[in-house]
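As given, the protein sequences belong to chains V and D, one line each in that order. Numbered according to the numbering used here, the first sequence spans residues 1 to 735. Numbered according to the numbering used here, the second sequence spans residues 1001 to 1141.
There may be inaccurate statements among the hints.
[Stated by the list, open to error] Stretches of chain V that chain D covers, calculated by requiring three or more beta carbons in the stretch to come under 8 Å of a beta carbon on chain D:
#1 569-583
#2 647-654
[Claimed, not checked] So the derived list for chain V, only partly shown, Cβ under 10 Å to chain D, looks like this:
#3 Asp362
#4 Asn366
#5 Leu523
#6 Lys531
#7 Glu532
#8 Ala542
#9 Asn546
#10 Asp561
Treat the hints as calculated values from the structure; they're not laboratory data. For each residue, glycine too, the CB sits at the ideal point set by N, CA and C.
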Amino acid sequence: MKFSTKLTLLFTIITTTLTTVLLSIVYIQSSKILERETRLLMKSGVFNVMDTAARFLTTSYHDLKIIADDPVIRSKTATAEEITERLLFYRNTCKKYVSLSFYDLNRIRVADTSGLSIGKQDQMTLFWEETLSKKTSTARDIHIEEPFQEPIIYFASVVKNNEDKEIGVVVARILVNRLFEIAIKIPALYEAKIDIVNNNGLLLYSNYNQKGMLIVNLFEQESMRNRSQNEFVHNILHMQNDHENQIQIFYVEKAYLDFEGNGWTAFFQLPDKIIFAPVHKLLKILVTAILCIFPVILFVVYFFSKLTTRPLTLLKTAVDELAKGNLATPIEIHSKDEIGYLCAAFNKMSKDLIVSMQKEKDVSSNLENLVFERTKKLEKLQKGTLNIIEDLKETEKSLKKSRQDFINIVDKSIEAIIVTDKNGVVLYLNDSAERIFETKKENFIGKGFGIPIVVGEATEIDIIKHNDEPRIGEMLTNPTKWENNDAQLIVIRDITERKKTEETLKKLLMIQTTFVSTVSHELRTPLTSIKEGICIVLDKTAGTINEDQQKYLEIASRNVDRLSRLINSVLDFQSLESGKMKFRMEENNINEVAREVLETMLPMAKKKNLSLVCQLDEKLPRAYFDKDKIIEVLTNLVHNAIKFTENGSITIRSGKENNFIQVKVEDTGIGIKKEDMPTLFQEFMQLQKNLGGTGLGLSICKKTIEAHKGKIWAESEFGKGSAFYFTLPITETVA
Amino acid sequence: MEKVQLFILRYPLQKQWHDMAKRILLVDDDQDILSVTEYRLKHLGYEITSAIDAEQALVFLQKESFDLIILDRLLPKMQGDDLCKMLKSDVKYKNIPIILFTALVNDVEKIVKETGADGYITKPYEPQELIRKVNNCINRA
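Okay, chain V solo, but in the shape it has when bound (with noise of 0.2 Å):
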């Protein structure tokens, strides 16, 4: 069922169910209500009915007396037509008498008011009993008289003369229903029916039952009677007559005043038709009322109701197409309730799943080229494959055959090789390993190896031979793959001879570092004597001394001095040939160095009449070098120029090359054969035999420039002059 439906019809249940119940309970409280009213207007009218009838009756009654009394009537001489007039009078003034008659003890009609029935004796009746026993006034009773056809109430009182004895009665008779129409003037009682019934239950008086007076005995007044005369009783008896409800009241005369009354009983019927008129006529009013307006609230209602849940009908067309497939139905609410919120949320839903769906299928798409690609790949790769199958085989072949050539080299290899198993079980051994050991291959196959392996280290052994020297071998392991899984190759060299010259090695540099010192301590200490002795003299510190003995001591001291650098040269030369040269290696700047050169060569250079000039690059960076070996360096290579130059000049430059300090030293000599180019930087080659040095100078110098790590080189060209360069590192880190 729709929702709008489902609204209408909640709608119209409440509605019915509510309008139901406030209609019912108005109902039946307005008919509480009014049954009360009705209830307690007709008790008050019964009451006042039979309260004014009962009055009225009293007042007859005292009328009759009044007229017993009357002396004309009393008189015994009165005629009847004196009578006659004196009832007339009577009569007259009240009018509520039909008639008034006067009777003799005999109950003859002496006199009458309607002149009828005047000398005829009067039946005996149960009133006359009454009034003559008892010779008073008395009750009266209802009869129905001949002449009048209706209902009748008699009075009678009797006429008592001056001498108080009886002479007559005096009859009045009123009709019974002028009595209660007087006596019946409640206007809210019309519809009422209302019935009045003698003690014997014969109708006396009805407003509506106009059969049978004094004939039809309505009620079974046992019944009645058996409740007390004092209280009103009301119930709903069903008539017999008419079958429908009615609500009914009665009321017993009572007596009033010295009148005794006569009983009689008032019953009033009103119909519920009657009393409920009004609630029911509302009734019909509101129900009509209700099912007018309720269509047209229906149909707000409904309308309402669609219009509210329009939102969720355009949900669900929305969803509707969703599920279909087609996403761009945007759903138009902005309402600020739930139902905005849930359409503004179903949006947004909608646009990403829009999305994402969008992005799945590029991720499907992309999915696809890459599977495509893939497969297309893979597909080379088969035949790459295959190809390589083939390949291989034919490698297995030839690696059969190299496997055997290489088994055979290894058996061969003078090294011993064992190849063993991470336990240290031996896999294979080679032709010289069965040598070392003194054991046939396929007795140490499988076995223990026996030493202990140190993985990555050259360890020493010692192998015992039975019948030789021992020997000493140089094992080395290294891990390494054996049919797939990890094994150990073991080589083992018997450096017993290296181990020997070694050994010899060590005691000849001993003997070297010795020598070295000793001799060097023993030559020079002598030495220093002889040039203390001859400067001390030379100085005149020891006195004054004549030209020949200057000339000689000088010729001794420039000797002493020669050897002096001999001694050093021989002795820095076998230091640094043995490795044990010391130097001290600081960032110093070459320029110094240059200057310092100069200023000690230039008196040479004087000498020859050569100049001597630096050509220095002031902005040359400091380099590391140990400072004094260089001087000695660049001394010997200046020394050398002014040796091998006899006129013209000598240049010292400096310069920086890539990485490095650059010096030149440039001269105008005799320059260099070719031939003696190669040799030019070993020991012990002079040029010129003839011109002193050892021969170890240029010697020296490269060891020392190389030892800086720089290069020492010389170009020339012979008889036009030669430069010697020499390059040291700026950087620490290169030297």
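Since the structure of chain V is already known, use the hints to place chain D on it.
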């Protein structure tokens, strides 16, 4: 090496010595070296005491105070280097400057550092070098 007991005689006023001639202790096993060096130094105005080995040097040190020690490295019995180290670690003598007098010039800088000596002179030396170095060392103290 025999352990040598050192007796220290403290003179109350060391300042007195500033006015007097500086005293140099020469230690070398070569007589000729001692002779020529002594001669040279005497002419510079110093008072020289010579010892031929470490033992004798120590004896002199105990008796007298010196402003400079010139110490040959290669000595019989205790070596010059060891003596130098010893003296430098002795609180009584460590303030006396020591110059190593040596033919072994290869790591001389390192040796000077190791022994704690205050300088060195090579054999053979230029006379000016000797004068200069001695003056420097002696005046530093």
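Quick one: which hint numbers does this structure break? Sort them smallest to largest. Violated: hints 2, 3, 4 and 9.
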